[in-house]
Amino acid sequence: MGKIIAVANQKGGVGKTTTAVNVAASIAAMEHRTLLIDFDPQANGSSGVGVDVKSVAGSAYEVLIGEKTAPEVILPTEMEFLHLLPSHINLVGAEIEMIDVVDRERILRKALAEVRNSFDFIIIDCPPSLGLLTLNSLTAADSVIIPVQAEYFALEGLGQLLNTIKLVRQHLNPDLEIEGVALTMFDTRLRLANQVATEVRRYFGDKVFQTIVQRNVRLSEAPSFGKPVIMYDAASTGSRNYIGLAREIIANNVAYLQTANNQN
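By the count of the numbering used here, the sequence shown reaches residue 280 at its end, each step adding exactly one.
Keep in mind that the hints were calculated from the coordinates and are not lab data. There's no promise every hint is true.
[To be verified] In the PhoX-like style, the derived pairs of lysine-lysine whose C-alpha atoms are separated by at most 25 Å in a straight line are:
1) 243 <-> 182
2) 223 <-> 27
3) 243 <-> 70
4) 126 <-> 182
5) 182 <-> 27
The structure displayed is predicted, hence computed values, not measured ones.
Whenever a hint applies, use it, and build me the whole structure from the sequences.
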């Protein structure tokens, strides 16, 4: 049964989609069966692994409104062990369409039940908001990765996200854990970046991943070529950073994977 990890931060520009795409791709590169779910209507996660959402026959939108099942819309990617459940611009209106649906916060959780055993890891790229789509993601997830940019105001808005996680635990998903906090966009030239890293570690303690994702040109270029950075330039700093982050995630879940494999 695959470990479901949501990547969430309602604050834009923190490297959320970059982290979701490249963590998923790096885990897949280590030959773990991985599903990336693009739950952001902007669909940057889908294009980031080379999928044009205008040409797909189905997406997360159809799954949410009950027109298609998850297995019907999951697509292969250029990487053997990486699959994608694509997004679509129609997701923008999905929250309104779901408003009268009974148990609407659990739609994604139920939809993923029939594919969990097909993957080792399922990574969800949440939208940059705390609406119904993100609630569905957190309700479906076993844990959440919080990307935090190593810049001024890094912790701004995190209280709201942590409060949402607390409410989800209380009412929808009591087993939801924080997988870890990922420091992103780290500029080694700036003293401020080190100060922010220290502040984040003081706030979150051992929940902060040891691996820090540095600012990197190749990492920024990769999405425009429709590739995760490991496929665009495997030797780049960005690729090595995300491989390191993926290794930490896998190491933290060895017991989970062993138990899941024994149950399959």
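- When you check the alpha-carbon spacing of residue 182 and residue 27, does it fall within 25 Å? Holds, at about 18 Å.
- Message: For a C-alpha distance cap of 25 Å, please report whether residue 223 and residue 27 respect it.
- Response: Holds, at about 19 Å.
- Query: When you check the alpha-carbon spacing of residue 126 and residue 182, does it fall within 25 Å?
  - Reply: holds, 21 Å
- Is the hinted pair residue 243 and residue 70 satisfied, with a Cα-Cα distance of at most 25 Å? Answer holds: residue 243 to residue 70 is near 17 Å, not above 25 Å.
- Sort out whether residue 182 lies within 25 Å of residue 243, counting only the CA atoms. Answer violated: residue 243 to residue 182 is near 35 Å, above 25 Å.
Against the hints set out earlier in the document, a violation occurs for number 1 only.
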